[in-house]
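Asks: One-letter residues, chain by chain:
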Amino acid sequence: MTQTDISYKKSGTDAIIAALMALVVFGPIMGIVLNGYQFKLSFDRVFVIVAIVFVGRFLMSTFFQTHRGKMMAFRYTNNNDGVTVLPPNHKSQMVWIIPLVMVIGLLVPFIASKYVLTIVILGLIYVLLGLGLNIVVGLAGLLDLGFVGFYAIGAYGLALGYNHLGLGFWSMLPIAAILAACAGAILGFPVLRMHGDYLAIVTLGFGEIIRLVLTNWQSFTHGPNGITAPAPTLFGLEFKRRSAHGETFHEFFNVPYDSAHKYMFVYLVLFVVVWAVLFIKHRLVKMPIGRAWEALREDEIACRSLGLNHVLVKLSAFMMGAAIAGIAGVFFATYQGFINPTSFTFFESALILAIVVLGGMGSTVGVVIAAFCLTVLPELLREVAQYRILLFGILMVVMMIWKPRGLVRVTRRGFARKEGVVK
Amino acid sequence: MSQENILTVENLVMHFGGIKALNDVTFNIKRGSVSALIGPNGAGKTTVFNCLTGFYKATGGHIMLSANSKDTSVIKVLGEPFKVTDFISPVAFYQRLKYKMFGGSHLVNRAGLSRTFQNIRLFKEMSVVENLLVAQHMRANRNLLAGIFNTSSYKRSEDEALERAFYWLGVVDLTEFANRLAGELSYGQQRRLEIARAMCTNPEIICLDEPAAGLNPSETEALTKMIRVLRDQHNTTVLLIEHDMGMVMDISDYIVVLDHGEVIAKGNPDDIKNNPKVIAAYLGAEEGEEVTL
Numbered sequence: 001m002t003q004t005d006i007s008y009k010k011s012g013t014d015a016i017i018a019a020l021m022a023l024v025v026f027g028p029i030m031g032i033v034l035n036g037y038q039f040k041l042s043f044d045r046v047f048v049i050v051a052i053v054f055v056g057r058f059l060m061s062t063f064f065q066t067h068r069g070k071m072m073a074f075r076y077t078n079n080n081d082g083v084t085v086l087p088p089n090h091k092s093q094m095v096w097i098i099p100l101v102m103v104i105g106l107l108v109p110f111i112a113s114k115y116v117l118t119i120v121i122l123g124l125i126y127v128l129l130g131l132g133l134n135i136v137v138g139l140a141g142l143l144d145l146g147f148v149g150f151y152a153i154g155a156y157g158l159a160l161g162y163n164h165l166g167l168g169f170w171s172m173l174p175i176a177a178i179l180a181a182c183a184g185a186i187l188g189f190p191v192l193r194m195h196g197d198y199l200a201i202v203t204l205g206f207g208e209i210i211r212l213v214l215t216n217w218q219s220f221t222h223g224p225n226g227i228t229a230p231a232p233t234l235f236g237l238e239f240k241r242r243s244a245h246g247e248t249f250h251e252f253f254n255v256p257y258d259s260a261h262k263y264m265f266v267y268l269v270l271f272v273v274v275w276a277v278l279f280i281k282h283r284l285v286k287m288p289i290g291r292a293w294e295a296l297r298e299d300e301i302a303c304r305s306l307g308l309n310h311v312l313v314k315l316s317a318f319m320m321g322a323a324i325a326g327i328a329g330v331f332f333a334t335y336q337g338f339i340n341p342t343s344f345t346f347f348e349s350a351l352i353l354a355i356v357v358l359g360g361m362g363s364t365v366g367v368v369i370a371a372f373c374l375t376v377l378p379e380l381l382r383e384v385a386q387y388r389i390l391l392f393g394i395l396m397v398v399m400m401i402w403k404p405r406g407l408v409r410v411t412r413r414g415f416a417r418k419e420g421v422v423k
Numbered sequence: 001m002s003q004e005n006i007l008t009v010e011n012l013v014m015h016f017g018g019i020k021a022l023n024d025v026t027f028n029i030k031r032g033s034v035s036a037l038i039g040p041n042g043a044g045k046t047t048v049f050n051c052l053t054g055f056y057k058a059t060g061g062h063i064m065l066s067a068n069s070k071d072t073s074v075i076k077v078l079g080e081p082f083k084v085t086d087f088i089s090p091v092a093f094y095q096r097l098k099y100k101m102f103g104g105s106h107l108v109n110r111a112g113l114s115r116t117f118q119n120i121r122l123f124k125e126m127s128v129v130e131n132l133l134v135a136q137h138m139r140a141n142r143n144l145l146a147g148i149f150n151t152s153s154y155k156r157s158e159d160e161a162l163e164r165a166f167y168w169l170g171v172v173d174l175t176e177f178a179n180r181l182a183g184e185l186s187y188g189q190q191r192r193l194e195i196a197r198a199m200c201t202n203p204e205i206i207c208l209d210e211p212a213a214g215l216n217p218s219e220t221e222a223l224t225k226m227i228r229v230l231r232d233q234h235n236t237t238v239l240l241i242e243h244d245m246g247m248v249m250d251i252s253d254y255i256v257v258l259d260h261g262e263v264i265a266k267g268n269p270d271d272i273k274n275n276p277k278v279i280a281a282y283l284g285a286e287e288g289e290e291v292t293l
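Protein chains in written order, with the UniProt record's numbering: chain F, 1 to 423; chain X, 1 to 293.
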């Protein structure tokens, strides 16, 4: 293959088409500026952007006609099968990374500033949410667009349990998980006989119902005014400057008061919980229930023919995911100290779903990375905050083109050959 | 519980709207036999299969499965509508409600009947071994805590499941493909894997829907041997739908012929071969030579 294969005519046509489309898209948006009651036409900006598109498309088109470009395109088109089976007794070369991440994670609260710490906490909360939804969408293949509903149940569970029943963080942590799981079961039982799109629509409705109830049930939830949530306690020691009952953390340990103590503690507890969930997820996919979820995603009819009760299998996935979201909600409430229904809009559901899609359906590592990317990146991009959604969209489009199966390739465990015995 | 017949089908009727797919189908399958269900295209063979395995809820009739030392009414476990008598007897009401809420074709499988599909339905993105492990779900240790903490009883149960999986891989000659994705296998291998997967649920009767479709003659030969192994070494009753007449006549002890949703002949292969109604159904009767049903 030589350089002479390149057809500049084709590149030119591609570039002209792209430039025309850019003209149509950007022309009205950038070319016409509203100035009081008059228009101001600024063709120079349109010209610049169309020129950028033209040149970019021309270079791209030319590159993909070269040998290297063709190789690259070929490699990517043939790399979409995604799933690979590891050889039996496969030992990952990356095992050292887990203790490393653990140590770094434990050091973070002591070296990072309070601002960084809050971002990392938010990142970890989204990791939890991503892991929960990954069970529902990635493993069991149930498209759930109302996942934020369970998150809200967890968060409001803590706030309402504190305000109405006097329950604290530690007692609400398991109760919220159970509450969310029950909500998942109640929603799931009638709904899970549906498939695909229908299920997505019903769950979308569920998420909105939760939010609307929280907004409108003024007497119970304080509606849009929001409600306070308690901070966690360390064996009864509160992370406050002064406590009405008992000692506070800084008095007990004789250290000066620092508002970051609360976040450090939330972070450490959350860190432990995330690792526990990661471990449970790691075990679940190897267990009969995890296999049943994946089998259900692959073929529901075959599952039924093998004696699996498809409704209960789906329900278990739904409840497990919901419970994890409930736990994430408790952490969110305690970290914010105050919650209101605007934190639980559909956009949150979409963001969590984006985390799962970006990370790769069923991939744990991918979801962790994606969760951090999608929560930390917006913080880094504070200056260009108005373009955040645009960048988000571009990221998704690029992902769908280059890595439609997610960032991290899904691998399956291999089994060592055994002597077959039947009893 | 009937000792002789593993499956009793009486007056089975299946209507799809106005179309009468099955009309008064009656036959018995003997325990330990290899039986075949044959008939021209559109005769209703797969519909019978779907009724037997609980994927369709029959419009009328009785299907009784006598396996795992109990009688199971296939239509009942799918969940029937309430009857007046249910509101008098709480036990009957509870049973009906239980089957309505949690009933379904999975209960037919648990009662000892397993099936394969005409268009192969494997878990394509799971490995071959995992396909067989999923099939053993009901026999595995499903305790969540035992699995998470990897207790010794859980390990034992998983090891047994793996051993059983490798045993069946050996039977269908797929051991070397154990760690491949099921979707990557060739068509014939996928068919064999599906049979192995169905056998992993430990059924007493296995229903094979066109197991030889798309196989070459040598593969069909191997399949015939395998079906004999299922019957002779595992005491499994085999019921199959097949278009390959050579194979059907070779292995079947008993043949049921369906046409237009009705049973037109039953009997051993020799009877069927010479039955004028069967020949007429397959080849068409000549004019004036009308065969009355």
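The set of hints was computed from the structure by calculation and includes no laboratory data. On a predicted model such as this, the values are computed, not experimentally measured, just so you know. Where hints are given, some of them may not hold.
[Said to hold, decoys possible] Dumping the calculated DSBU-like pairs for lysine-lysine here, alpha-carbon to alpha-carbon at most 30 Å:
#, chain 1, residue 1, chain 2, residue 2
1, X, Lys124, F, Lys418
2, F, Lys403, X, Lys124
3, X, Lys20, X, Lys273
Asks: For a C-alpha distance cap of 30 Å, please report whether Lys403 (chain F) and Lys124 (chain X) respect it.
Replies: Holds: Lys403 (chain F) and Lys124 (chain X) sit about 20 Å apart, inside 30 Å.
Asks: Lys124 (chain X) and Lys418 (chain F): Cα distance at most 30 Å?
Replies: Measuring from Cα to Cα gives roughly 23 Å; hence the hint holds.
Asks: Under the criterion that the straight-line Cα-Cα distance not exceed 30 Å, is the pair Lys20 (chain X), Lys273 (chain X) satisfied?
Replies: With a Cα-Cα distance of about 27 Å, the restraint between Lys20 (chain X) and Lys273 (chain X) holds, given a limit of 30 Å.
Taken one by one, the earlier hints all hold for this structure without exception.
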